[in-house]
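K.L.:
So the chains spell out like this:
Number of protein chains: 2
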Amino acid sequence: MIQKYIYGDPIETDAVIKEIPTSEGHPSYGTISTQDGFSFTYIMQPEDIVYGLGESNRGINKRGFLYVSNCTDEPNHTEDKQSLYGAHNFIIVDGINHSFGLFVDYPTNLTFDIGYTRQDTLSITCADADLKLYVIDGSDAYDITRQFRHIIGRSYIPPRFAFGFGQSRWGYEKPEDFRKVVSEHRKAHVPLDMVYMDIDYMDGYKDFTVNTEAFPDFKGFVDEMKEDHIHLVPIIDAGVKIEEGYDAYEEGLAGDYFCKKEDGSNFEAAVWPGLTHFPDVLNPAARAWFGQKYDSLLSQGIDAFWNDMNEPAIFYTPEGMAEKQKITKELLSGDSKYPPVAIFYLMSGNDISSDYARMYHKIDGKLVCHNKVHNLFGYNMTRAASEAFAKLVPDRRILLFSRSSYIGMHRYGGIWTGDNKSWWSHILLCLKMLPGLNMCGFLYVGCDLGGFGENTTRDLLLRFLALGVFTPLMRNHSATRTREQEFYQFEDPQDFAAVIGVRYRLLPYLYSEYMKAALGDDLYFKPLAFTYSDDAVARQIEDQLMLGNEIMIAPVYTQNAAGRPVYLPEEMIFVKFLADGTILQEKWEKGWHFAEVALNEVPLFIRKDHKIPVVDVAEYVDAIDMTTLQYIGYTDADYELYTDDGITPIA
Amino acid sequence: MIQKYIYGDPIETDAVIKEIPTSEGHPSYGTISTQDGFSFTYIMQPEDIVYGLGESNRGINKRGFLYVSNCTDEPNHTEDKQSLYGAHNFIIVDGINHSFGLFVDYPTNLTFDIGYTRQDTLSITCADADLKLYVIDGSDAYDITRQFRHIIGRSYIPPRFAFGFGQSRWGYEKPEDFRKVVSEHRKAHVPLDMVYMDIDYMDGYKDFTVNTEAFPDFKGFVDEMKEDHIHLVPIIDAGVKIEEGYDAYEEGLAGDYFCKKEDGSNFEAAVWPGLTHFPDVLNPAARAWFGQKYDSLLSQGIDAFWNDMNEPAIFYTPEGMAEKQKITKELLSGDSKYPPVAIFYLMSGNDISSDYARMYHKIDGKLVCHNKVHNLFGYNMTRAASEAFAKLVPDRRILLFSRSSYIGMHRYGGIWTGDNKSWWSHILLCLKMLPGLNMCGFLYVGCDLGGFGENTTRDLLLRFLALGVFTPLMRNHSATRTREQEFYQFEDPQDFAAVIGVRYRLLPYLYSEYMKAALGDDLYFKPLAFTYSDDAVARQIEDQLMLGNEIMIAPVYTQNAAGRPVYLPEEMIFVKFLADGTILQEKWEKGWHFAEVALNEVPLFIRKDHKIPVVDVAEYVDAIDMTTLQYIGYTDADYELYTDDGITPIA
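Which chain is which? The protein sequence lines are A and B, in order. Per the UniProt record's numbering, the very first residue in the first sequence carries number 1; after that it's consecutive. Per the UniProt record's numbering, the very first residue in the second sequence carries number 1; after that it's consecutive.
Read the hints as simulated data drawn from the structure, not as lab findings. Treat the hints with care, since some could be wrong.
A pair holds if it fits inside one copy or across any two, identical chains being indistinguishable in the list.
[To be verified] With a straight-line cut-off of 20 Å between C-alpha atoms, the simulated EDC-like cross-links for lysine to aspartate or glutamate are:
# : residue 1 : residue 2
1 : K18       : D247
2 : K81       : E484
3 : K432      : E79
4 : K226      : D247
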């Protein structure tokens, strides 16, 4: 049962799309105060687990930290970070006595203190008591999750090719760069369906343009790639460059589609292109205009996009820069109370909250400060694209995912988990985020395999990929100036072919489970506790996941490990895809085991009395030969295989 | 067998103190080149493990990363960091075919590429082919380690009180701050032997001074603390403030004891006090002078010190600042090729290598650039203190440890592992460093429990402490402006009393094992592989350690975990110190187990046919009642208890 409570005068987010009557009074859980902003306080029992928060730091169990929903361009995902790129305000308290879900529909800074200040106290607070609070009762955490998923609407469904493997790097500039990626993969028989185009494909980082010097015939290049069964995935950034004669800029000015300053002039912020205006995607007219701009690429054959920098990221604003320059000049002239060394301390960091305070949206004809609606920006940029696709290409699914998001955006696109690092701990961080993301509606998700920032190593990349085999979005991506991390930068390329190949062998299963989860408002990734809720050990496992209804995954995430300990909550079949293409199957008893897994192997566990389909390896999704399909596991079991054409949108 | 090879004209480091004849030719392992600097290259087998490198990032097995020996004030110990505070150039290749140790005695930047560039290739390189290379053959990695330890001399032995618990925080300023720490501990019966004095006790951050406004009778205050069985541990920084009339400055000038610039004038660098000179501790006369300065505090009753900022850390130099100001002015005036935003990028970070290039030491009467001897500075600062103590207080052990170090310094003091963070991953990082530190001679070691930077939580602090129970240096330390993390900042203080109390119950065992390791050139902490070298699983365990000859430790290091999986290489007795003071003992079979450990409990494992002494809890080391000693474990076994007065230096 779901109850909706309205406090004050909430801003409409369109997160929830099912009509729910408003309840009077207060929820039966916790204590609410609207005296000084809003607060919800609840005393947790020691055994209670708290799930949710989607893209957030720390564990599957969110207890023991303080999280702030505040979409942030944060490239250092260390354990102390309270905010990442998304704001996913849904939690479930899975208690011994009481279990309930909470969705706090509030579009800007919101704090979840989940046993940080006191270990037993859950406290949710925000500055304005203007919000909708949804309280969900259910039989258990899984039931509560499905009820929530039902009211926020069906998750985004990508085209089937988006379940292939993609190669990316910030730094590919010219057709030769992309052709090299494709030819190296094809030559070594490493499957590949997508190559990503980071910011360098554009003309001066201008959205919806292509560098015509590098790509004199872009459509021809897109076609050439398609002949090789490769989908190009260009990036689109939030900021529209201020440049006379540039069509997006001129149209935005003419239509009055840009975000404002308080005086009604257009807000300016520097990002990759230099000074830009942000499209006011919270305004339906501006959203429709911005979405329609994607047609310039769609019409050249592009069928896949990633939206970036849409927190929105800001390098500086002219006003913020002027303030910093004033401080710097005072320091240099000796008129400051700070010693000279302070230059380097004061100048470091980049607090853009005062920039956001100068930015405004036009909502229902009124100017609303960005700080009141901050977490809706990336959501509505992606919604802009998705709503336009429905009109421009109504008969086709388009791959679309975003860096910033809010619940509601899960209907329009997927997300990747932003700028992670080539750290072993980031394999595990990615794994831990996956079930929470699913709970919040985001099914098409994945992290930058190999790590975006810093330098990867061969073994790290292989272990990252062996997790990525299971994430709907499977992409190797890295930043400029880091060690190059395409598979062919390392010795023994056949090991990469083996690991990435497993993705394609499992694709019928992964696609089936994705589609069932999407169509049934269900989970693709689940904590073990959702399947084995009575198993006290399973309830606290933070490094294994259930995937669909049939399998458990337990990736290796430590360096120099020949394997890892794994907990089996029941008898299962240990499956290992070996480098020679054979599949090892061993029946293992309930309990602790050490699973040996070499760098070129991929392990999984099939639940008792379940089976999964596997096919022969293929070099791209459309080449998968379904006549090679066989079942492994408990082969007497039933399995419902889902198939469709992978392209037609689902009504 | 140890062979010494000399290349070029090495700088004497005094790391090795045993005479070893120089071998001709090249080592029998690997390939050496002295063509372009120095390089040693060796092809590793897949099963080979590489140990060593002391205070360094990543795992017990050092394979898969690139490490640079370059003592660095690095406050962000993320996985990508190649250099920390120490330079410990000893590794062991523990191979299926060959095992050997290598000590590269070279006092500045040295790179260990241990399977980073290619997974199978170990490559050690440095710029100048002027070094001593020690190659050690032995029956196994443990034997090789002990041979190495034997040639570098006996490890530092602290007074016994240094095995108590210490409370620290950057921010304690006044006697009331320290009194509060002590009274809160005594009131709650949380044992305490030491309170640390970070930089705020000094007069303007001037070494060997005390803020007399806060401490009008410092000796009286030291005595007052002693009556409460508390040892104060003041910090000493490397830089001596430039201030007329300040005795250390005046004496250093008069004696010509400071580091130089190339023109022979004194080198200036800003640290906490503002501009300072660095004592030229590589010059024996300056070292003797600087060491003798500690007497100003010894003579007031102080018997414990920590040496800090001795990489040496530099905030800026006047020359470096002038260069940065020039760039800034160009940027502000528009004369620069960079856009204004570049101010914030160019100014961030603090590359001090050009500062070091302007700094010189006087060695044997000749000016030697700091960059040639960089890793010896902290070592010799600590040596200065230790050599002075031997003269000033020959009948007493003084507690002494350092942030920066080089092998050789292990004879003079301990180290702490620098400015870690309140991250769960830093519990494990600390654990993984411990055996490598021991291999390199550093036995008196520990990390900042609870984490130095960022904000701790109650559960994190308790789990950190449950590892700290076993580290010779057991200190809760945190940075100013982080969440306060003395135990009394959190609910249920009795849980902290329980965990810290276990340290005191185990102290006879821990002290015995420390002394045996120190006197026998042996290890206090060992990888499991050193004890169970034939056990393939044990060989790759990275989160359990052997401590002394009797026990194995397996701390819990993940949040919200009710315990952890543990591998037993043989039957052992699982021991859990419970919060009520009782001790649970259970015999467990060889294999994988899940050990349940509550936040207020401390686990350990006693090896088959071994026993350990435990005593009743005491509130400080000197209050331990040895008549309460009993043995737990396999009580028929033998145990050699080591006891002494804990104060008299060992000849």
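K.L.:
Now tell me if each hint is right for this structure.
P.N.:
Do the hints match the structure? See the list:
1. In this homomeric assembly, K18 and D247 never come within 20 Å of each other (Cα to Cα): the closest approach is 39 Å inside a single copy and 77 Å across copies.
2. Proximity of K81 and E484 under a CA criterion of 20 Å is satisfied inter-copy only: 18 Å between copies versus 27 Å inside one chain copy.
3. Taking the shortest Cα distances, K432 and E79 sit within 20 Å of each other both inside one copy (13 Å) and across copies (19 Å).
4. With identical chains, the CA atoms of K226 and D247 are never at most 20 Å apart, being 28 Å at best within one copy and 78 Å at best between copies.
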